[in-house]
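Each protein sequence line maps, in turn, to chains Z and A.
One point on numbering: in my numbering, the residue at position 6 of the first sequence is 114, and numbering is uninterrupted.
One point on numbering: in my numbering, the residue at position 154 of the second sequence is 186, and numbering is uninterrupted.
Since no wrong hints were added, every one of them can be taken at face value.
Which chain A residues stay away from chain Z? Per the calculated CB distances, all over 10 Å, these: (1) T121; (2) G172; (3) D202; (4) L215.
Lysine-lysine pairs mimicking DSS-like chemistry, simulated, CA-CA at most 27 Å apart: (5) A:K36 x A:K104; (6) Z:K385 x A:K104; (7) Z:K524 x A:K74; (8) A:K42 x A:K104; (9) A:K42 x A:K74; (10) A:K104 x A:K35; (11) A:K36 x A:K203; (12) A:K139 x Z:K418.
Stretch by stretch, here's where chain Z covers chain A in the computed footprint (C-beta under 8 Å, at least three residues): (13) 92-104; (14) 144-151.
Hints listed in this document are in silico derivations from the structure and should not be mistaken for laboratory results.
What you are looking at is a predicted structure, and each value in this text was computed from that prediction instead of being measured.
Backbone N, C-alpha and C fix where the C-beta goes; we use that ideal spot for every residue, glycine too.
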Amino acid sequence: MRDSLRGSSPLMKLVDPLAPTKSDRYPFTGGSRSYIIPGLIGVAAIAVSIVVGMSEMFLEQFYFSYLIGWTFCLSLALGCMFIVLIKHLVRAEWIVALRRIPEAVAVSFPLLIILFIPIVVGVFDSHGPYHHWTAEGIDDPTSNYYDEILAGKVAYLNIPFFLIRIGFYFVAWTFLSSRLWRLSILQDVTGDASISARLRHLSAWGLPVCGLTTAFAAFDFLMTLDPHWFSTIFGVYFFAGAFMSAFCFTALCVVGLQRAGMLRGVATAEHYHDLGKLMFGFVVFWAYIAFSQYMLYWYGGIPEETAWFKHRLEHGWETHSGILLFGHFILPFLILLPRAIKRYSIPLAVMAAWLLAMQWFDIHWQAMPVLHIDHAQLHWLDISCWIGLTCVFVAIFLWRLSRHAIVCEGDPQLEKSLRFENV
Amino acid sequence: MLKKIIRQIKATMGVYESRTDGVYGLLAEFSNPGTLIDGARKVHAAGYRHFDTHTPFPIHGMDRAMGLGQSKVGYITLIGGLSGLGLATWLQWWTSAVDYPINISGKPFFAIEPSIPIMFELTVLLSALFAVGGMFLLNGLPRPYNPLFYSRAFTRASDDAFFLHIAASDKNFDLEETESMLLEAGAKVVEVVHDHGYSELHRA
Numbered sequence: 109m110r111d112s113l114r115g116s117s118p119l120m121k122l123v124d125p126l127a128p129t130k131s132d133r134y135p136f137t138g139g140s141r142s143y144i145i146p147g148l149i150g151v152a153a154i155a156v157s158i159v160v161g162m163s164e165m166f167l168e169q170f171y172f173s174y175l176i177g178w179t180f181c182l183s184l185a186l187g188c189m190f191i192v193l194i195k196h197l198v199r200a201e202w203i204v205a206l207r208r209i210p211e212a213v214a215v216s217f218p219l220l221i222i223l224f225i226p227i228v229v230g231v232f233d234s235h236g237p238y239h240h241w242t243a244e245g246i247d248d249p250t251s252n253y254y255d256e257i258l259a260g261k262v263a264y265l266n267i268p269f270f271l272i273r274i275g276f277y278f279v280a281w282t283f284l285s286s287r288l289w290r291l292s293i294l295q296d297v298t299g300d301a302s303i304s305a306r307l308r309h310l311s312a313w314g315l316p317v318c319g320l321t322t323a324f325a326a327f328d329f330l331m332t333l334d335p336h337w338f339s340t341i342f343g344v345y346f347f348a349g350a351f352m353s354a355f356c357f358t359a360l361c362v363v364g365l366q367r368a369g370m371l372r373g374v375a376t377a378e379h380y381h382d383l384g385k386l387m388f389g390f391v392v393f394w395a396y397i398a399f400s401q402y403m404l405y406w407y408g409g410i411p412e413e414t415a416w417f418k419h420r421l422e423h424g425w426e427t428h429s430g431i432l433l434f435g436h437f438i439l440p441f442l443i444l445l446p447r448a449i450k451r452y453s454i455p456l457a458v459m460a461a462w463l464l465a466m467q468w469f470d471i472h473w474q475a476m477p478v479l480h481i482d483h484a485q486l487h488w489l490d491i492s493c494w495i496g497l498t499c500v501f502v503a504i505f506l507w508r509l510s511r512h513a514i515v516c517e518g519d520p521q522l523e524k525s526l527r528f529e530n531v
Numbered sequence: 033m034l035k036k037i038i039r040q041i042k043a044t045m046g047v048y049e050s051r052t053d054g055v056y057g058l059l060a061e062f063s064n065p066g067t068l069i070d071g072a073r074k075v076h077a078a079g080y081r082h083f084d085t086h087t088p089f090p091i092h093g094m095d096r097a098m099g100l101g102q103s104k105v106g107y108i109t110l111i112g113g114l115s116g117l118g119l120a121t122w123l124q125w126w127t128s129a130v131d132y133p134i135n136i137s138g139k140p141f142f143a144i145e146p147s148i149p150i151m152f153e154l155t156v157l158l159s160a161l162f163a164v165g166g167m168f169l170l171n172g173l174p175r176p177y178n179p180l181f182y183s184r185a186f187t188r189a190s191d192d193a194f195f196l197h198i199a200a201s202d203k204n205f206d207l208e209e210t211e212s213m214l215l216e217a218g219a220k221v222v223e224v225v226h227d228h229g230y231s232e233l234h235r236a
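In isolation and in its complexed conformation, chain Z is listed as follows:
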């Protein structure tokens, strides 16, 4: 039967929950080398990082570096899922021609949970990134590790509940993203216009679920590194960076695919323009949220709240904060402001790559001062873990993309999207 999709074998589910479908109009023509090479580079980089990282000297460093690289990939997947959910809810037409890219990125959650294993190991390790609150006896007044504040948070910050929460996030994300993926591919195969309404229904409850789980995931993965500190806007801050990065990643993929001879006549300057506008918009949104968080703590001036920023404004971390301010906001704001930059592929791709690097730098800035509180540093493990995880992530994404049409060819809005023009 043509209208039923077959699932893939259990191991292949890590790559793609569906068996390949054929596309005549928009096939992936990049060949298998386009994903085997980054895949091998990524695996090699992760292997070297793990082997070196397991030595006593680098263990703590490794856990942090790996967590940062992994969270970067997670933010891409989550941001892309937000793009797809919001697209369906507002029935956006312009992005239909490019929608397959964020859809394919968002199906990465099974892969991400496998890549999460070293961090789970870290949770049970006294050298792990979360040892500030996982330490034995933290709520026992007779223990050396007793911490009155953390003892009050123990109902939330304990290992079993932590793992249950993460399990829940991943079940929700995997369910949502593979459902969005499945229905979209089904529409390619059957051309059934009513599937758009089913996607919209799914997004209507999927968006709030995704919003809440993303906020709590940001608390759990990043904020608990420094468990004394808290910020209620932290989830929004994480979302802002993730959503911006997702547009950057999509733009970079579109430029890359076009240079490889695909999406010709599909993605036009008009689509670039809109991606650029959203990149610009969420650069500003990120700065707005980052500043809101900072200003309230500056105004309050309460020591336990300002400590987090104090650590990031001394011992060399102030350089990182400055780079973040200029590299993540002021420069991209000024560069992305003119219309022309957003309409040409090369300047847009350069800005997208730069902002993705800044997203990683932002996560590094949030996490790393916890480990190196008295001297700022950029360790080579930071880079190798980031490159390794990102290469694997991208390779699997390209592999998944190559198994289906690279454009949502069954979507009834596609023709409008192809002819889309900014006024």
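With the hints as your guide, set chain A onto chain Z.
Only chain A this time, still in chain Z's reference frame:
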């Protein structure tokens, strides 16, 4: 000389002078947005510059068909934004550190942190005002009197009709030639608009 410059500036805003014999220009009605876009493209290609289109709703691609180029309103907005930023910085510094310094829980008299919201808001406010003001200026609005209002059919420009008018001040304007050009370009009806109060209908 000065009059000529003023006339040219007004023409860029779509405010055209009538000819001495009172002819303001030709108003052509098109049957739908597609033919109007085609018509505008042909009128531009024929070398006309003093012309405009009037439709009940915005039509995608019309500015390109008319050869309008990039709007300058962005630069006006930028000036507004920079003025707002400068004004707010000065306001914050002068009021809190110079004119009336008060010590509030040991905070510096002037600091960038609490000033940023003001700087942001005034940047946005003046940008928006300059953008809207610049749009009005570049369009020659508000314009309570326009000779096109003498045309009875023109009231439908805000309802269900698609118009293109060529002003008599255009250097290529010639009553007969321009009219036949418009009809060739797809106009359904062409009428001559006089500035002193009436328009004559020419049916194709």
